[in-house]
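Colleague: Spelled out, the chains give:
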Amino acid sequence: MDLERIRNFSIIAHIDHGKSTLADRILELTKTVSGRDMRAQVLDTMELERERGITIKAQAVRVNWKGNELNLIDTPGHVDFTYEVSRSLQACEGAVLVVDAAQGVEAQTVANAYLAIENNLEIVPVVNKIDLPQADPDAAAAELAELVGGKPEDVLRISAKTGEGVAEVLDAIVERIPPPSGLVSAAAPPRALVFDSSYDQYRGVVAFVRMVDGAFAAGEPLRAMAQGTRFEAEEVGFFSPTMKAAETLGAGEVGYVITGLKDVSRLRVGDTLTSERSPAAEPLPGYKDVKPMVFAGLFPTDSDDYPALRDALERLKLNDAALFYEPETSQALGFGFRCGFLGLLHMEIVRERLEREFDLDLLVTAPNVAYRVLERNGEWLEVHNPAEMPRELDAVEEPYVRASIIVPKDYVGPVMELNNDRRGRFDHMEYLSPERVLLAYELPLGEIVLDYYDQLKSRTRGYASFDYDVAGFREGELARVDILIGDEPVDALSMIVHRDAAYSRGKALVERLRKEIPRQYFDVAVQAAIGSRVIARETVKAKRKDVLAKCYGGDISRKRKLLEKQKAGKRRMKQVGAVEVPQEAFLAVLNLNEGSKK
Amino acid sequence: MSAPPSAAPSASAVQQSSPGLAAAPAKPTRPLSGITSDALVRHLYVHLPFCAHRCGYCDFVTVVGRRGQHTAYVDGLLTELELEGELLAPELETIFLGGGTPTFTEPHELGRLLTALPVAAEVTVEANPETVTPALAALLRSSGVDRVSLGAQTFQPELLGVLDRVAGPDDVRRSFYHLRDAGFDNISLDLIYGIPRQRPSDLDADIEEALALRPEHLSCYELEAKPGTRFTYAYGEELRRQAEAMEGYFECVVETLARAGYRWYETANFCRAAEADAGRRDLRSRHNLAYWRGRDYVGLGIGAVSTVRGQRWRTTPRLGLYLAALGEGRRPPRELEPLPDSVQREERVMLGLRLDEPLPVAAVAASLDVDALARLERLGLAEWVPLGEPQHARGGLTLTPRGRLLGDAVTADLLA
Numbered sequence: 001m002d003l004e005r006i007r008n009f010s011i012i013a014h015i016d017h018g019k020s021t022l023a024d025r026i027l028e029l030t031k032t033v034s035g036r037d038m039r040a041q042v043l044d045t046m047e048l049e050r051e052r053g054i055t056i057k058a059q060a061v062r063v064n065w066k067g068n069e070l071n072l073i074d075t076p077g078h079v080d081f082t083y084e085v086s087r088s089l090q091a092c093e094g095a096v097l098v099v100d101a102a103q104g105v106e107a108q109t110v111a112n113a114y115l116a117i118e119n120n121l122e123i124v125p126v127v128n129k130i131d132l133p134q135a136d137p138d139a140a141a142a143e144l145a146e147l148v149g150g151k152p153e154d155v156l157r158i159s160a161k162t163g164e165g166v167a168e169v170l171d172a173i174v175e176r177i178p179p180p181s182g183l184v185s186a187a188a189p190p191r192a193l194v195f196d197s198s199y200d201q202y203r204g205v206v207a208f209v210r211m212v213d214g215a216f217a218a219g220e221p222l223r224a225m226a227q228g229t230r231f232e233a234e235e236v237g238f239f240s241p242t243m244k245a246a247e248t249l250g251a252g253e254v255g256y257v258i259t260g261l262k263d264v265s266r267l268r269v270g271d272t273l274t275s276e277r278s279p280a281a282e283p284l285p286g287y288k289d290v291k292p293m294v295f296a297g298l299f300p301t302d303s304d305d306y307p308a309l310r311d312a313l314e315r316l317k318l319n320d321a322a323l324f325y326e327p328e329t330s331q332a333l334g335f336g337f338r339c340g341f342l343g344l345l346h347m348e349i350v351r352e353r354l355e356r357e358f359d360l361d362l363l364v365t366a367p368n369v370a371y372r373v374l375e376r377n378g379e380w381l382e383v384h385n386p387a388e389m390p391r392e393l394d395a396v397e398e399p400y401v402r403a404s405i406i407v408p409k410d411y412v413g414p415v416m417e418l419n420n421d422r423r424g425r426f427d428h429m430e431y432l433s434p435e436r437v438l439l440a441y442e443l444p445l446g447e448i449v450l451d452y453y454d455q456l457k458s459r460t461r462g463y464a465s466f467d468y469d470v471a472g473f474r475e476g477e478l479a480r481v482d483i484l485i486g487d488e489p490v491d492a493l494s495m496i497v498h499r500d501a502a503y504s505r506g507k508a509l510v511e512r513l514r515k516e517i518p519r520q521y522f523d524v525a526v527q528a529a530i531g532s533r534v535i536a537r538e539t540v541k542a543k544r545k546d547v548l549a550k551c552y553g554g555d556i557s558r559k560r561k562l563l564e565k566q567k568a569g570k571r572r573m574k575q576v577g578a579v580e581v582p583q584e585a586f587l588a589v590l591n592l593n594e595g596s597k598k
Numbered sequence: 001m002s003a004p005p006s007a008a009p010s011a012s013a014v015q016q017s018s019p020g021l022a023a024a025p026a027k028p029t030r031p032l033s034g035i036t037s038d039a040l041v042r043h044l045y046v047h048l049p050f051c052a053h054r055c056g057y058c059d060f061v062t063v064v065g066r067r068g069q070h071t072a073y074v075d076g077l078l079t080e081l082e083l084e085g086e087l088l089a090p091e092l093e094t095i096f097l098g099g100g101t102p103t104f105t106e107p108h109e110l111g112r113l114l115t116a117l118p119v120a121a122e123v124t125v126e127a128n129p130e131t132v133t134p135a136l137a138a139l140l141r142s143s144g145v146d147r148v149s150l151g152a153q154t155f156q157p158e159l160l161g162v163l164d165r166v167a168g169p170d171d172v173r174r175s176f177y178h179l180r181d182a183g184f185d186n187i188s189l190d191l192i193y194g195i196p197r198q199r200p201s202d203l204d205a206d207i208e209e210a211l212a213l214r215p216e217h218l219s220c221y222e223l224e225a226k227p228g229t230r231f232t233y234a235y236g237e238e239l240r241r242q243a244e245a246m247e248g249y250f251e252c253v254v255e256t257l258a259r260a261g262y263r264w265y266e267t268a269n270f271c272r273a274a275e276a277d278a279g280r281r282d283l284r285s286r287h288n289l290a291y292w293r294g295r296d297y298v299g300l301g302i303g304a305v306s307t308v309r310g311q312r313w314r315t316t317p318r319l320g321l322y323l324a325a326l327g328e329g330r331r332p333p334r335e336l337e338p339l340p341d342s343v344q345r346e347e348r349v350m351l352g353l354r355l356d357e358p359l360p361v362a363a364v365a366a367s368l369d370v371d372a373l374a375r376l377e378r379l380g381l382a383e384w385v386p387l388g389e390p391q392h393a394r395g396g397l398t399l400t401p402r403g404r405l406l407g408d409a410v411t412a413d414l415l416a
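Chains A and B supply the protein sequences, listed in that same order. Taking the working numbering, the leading residue of the first sequence gets 1, the next gets one more, and so forth. Taking the working numbering, the leading residue of the second sequence gets 1, the next gets one more, and so forth.
Straight-line C-alpha distance at most 27 Å; calculated DSS-like pairs for lysine-lysine: (1) B:226 - A:570; (2) A:567 - A:515; (3) A:515 - A:570; (4) A:565 - B:226.
Derived by calculation from the structure, the hints in this document are not laboratory data.
When you get a sec, could you build the whole thing from the sequences and use the hints?
Modeller: And the structure:
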């Protein structure tokens, strides 16, 4: 195919602004999918994706429009997958930036637009959902033009739902987005960017690639340049929208390579594939190893499910190189895994897939971030679990993020207040329109993993949109707070907090636990301590009466059923020393602020 | 040996006459030593559902008014007695007439019923104070009744109002003396605590008033918010608060009554201790002891429950169905519940630990969690008691006073 007739593009948008619907319309309009096969949102293949309306794994599909070959590279819509988004964008020359006509620009829109601009992409701005009664296309178009530095009249106005304006989007893609450049000659050492991969049970790892230089043919021995992994291309081809084998994949094209590799971690997104016969001298720029930043313990509710959880994690990991896990033993929760995630949404998705696709009943501990600890012996240690934080140390570093928050101007005060509470450092503020403001902050990631987003939503009546990316590690005045129930330290409840907040957080947690722990046969002390110093204490009073007064001949069956219920309740408890603690209590950290701020 | 109560003829009758009630197939249950006995039943309960009105907190099977049906109902009971006769020993240990308000039944019909019932060593009738006249007391006495359980509930007029009770405090006292005058030397009073608006001082006063009457027996119940009652609808939230506020109060009731010479022989029941009784009598309710000791019993009347040889059944609560079946000489529809050995053992533990006498452990050992038992002993909630009889070589288990106050949780632990 003549490079001049190829266009590689992504659609980027905030959740629910209509990315998938637009993709569906494009597939229909270009007759890539017949009306009969059209399921809503063809590109989102995982059950969970379709249900939540978000795209988790990027995919690529080839469509034909007026004699041109258009490769639509789908991107994950959420910030947790920034790295994947940026790999997808690197595979393109342009991006369609979609904004909801009723909602306007959101924080994710901004983040994605900046990513696209950083990658030198030509942006085709589109205002979607103009058919909605509450749509304000002019305002949305003005915001969008401001954001990408264009003119409001260049912003396309469409309804992906009705199909209005979609043909014009395809025309604009051909007109405005430049064709790919690259070394077309078959003799050129080939280079292809791996922008995503998936795992097929029968065929192993399938790499999604953008050919930059040269060409690959089926059967060719290949090498991943950063990782050094070698394999033979069992098949090459493209998506239309399902996999279609081809003889070669040429420069500028987007498609797949079936590698036969049995382990997704051997082929990382961002790596460059080249041919073993005529290897390229330099890989494509930009590969980096993604590191999980948010950690949580995953424990099966029923300890018999431990092997099933291990198998499920193994299987998820095949398809999700960013997922990290290692066995963890908690004296309170038994055997489980400490898992690392890119961010909160990633965690939520993994958890839901484990529960839904693998039918596991899980207990997920409060998430924490990765810490870097300078030990007394001068060595740096990375800590993923508050219970592993050494009590003797020289310094602790915690991850910080650059956060952008977009709110109507009336809510700037409450947002600033929240950010100050969360140790945020104000960076700058800009007006996107007379009504809407972007606030840029630096915040410790540890301050947003718990309930920051809920707080932000409730303080702005749901108007705020929020996005972040990790900026790096910085030293912090942090303390490890341990919780003791009946004098037994409970590892699963340890937390790492800023020194100034240690007392109030410790107090809030023990108060919460007092409410969560049912009264026992004896008084139970619940304490928060830093080292051996107790900073807060509550007592769960012993119960004095627990017996049903009346029980005669006609009451026995009913009484027995109540007893069965009571027995079942006891079985759900975890034993901490002599104290029975309901599993929910271990999640008390998660909603510490509930009640106090309602 | 006679056939089990749910043998084929009655089971098929159940299915024909009441499609809505679950009829489990009759299954002969292997008699288990110490759990099930194949002996004839020696305890009879008779349900008299009629009431002048329904009290808001009540969830018993009751029928308001319907004086015209008292005769038909007593006829039904007597037919049912005849049908179940083969289960019963010729001479019974106990008979208990409960309700409803048994003493609201037409006196002539009540008398006819009492006269027709088999002979028993203890015959108890439940009575509401406002129904007890000297004539009624005399009728009961002359019909073989030797024990009356009087529903006093409380002596505070406004709290009686909350409970929808008709009787006033004076009615309670008056009825008590009518019974004494008629020669009753074994009278029980029911008290309820945890009534909405009840203060601790009200309960103190109730106990004082009750003790002043010198009853042989007292039952003290915490008011329960039973699902579906008018009362729960009106007072549910308040009852929950009351239960919390008065949590420690039952301990005081136990202490006060113990000081006054009463034996706390079952979770909610007290009797004058033998040493404190002129006749050195054992004044525990023999009928109710039979339930708590896991004995078999037959219940007659609507909504009545029977437990015989590993089977439990509950007769239809619907008066019309009941009368229609018995009018044709058939058994009324019943809901059957087979009780496998494991369930019988659980019930033995659940009921036996309510008593102040040791539960012989041999028969229930298979259901006990020994680790939990050791823990409960360490916490001072349960104790082993040597029984001294060779058949009880493993001894008996009993709960300490504190263990009895926490009996439901302790039982759940022991059986876990």
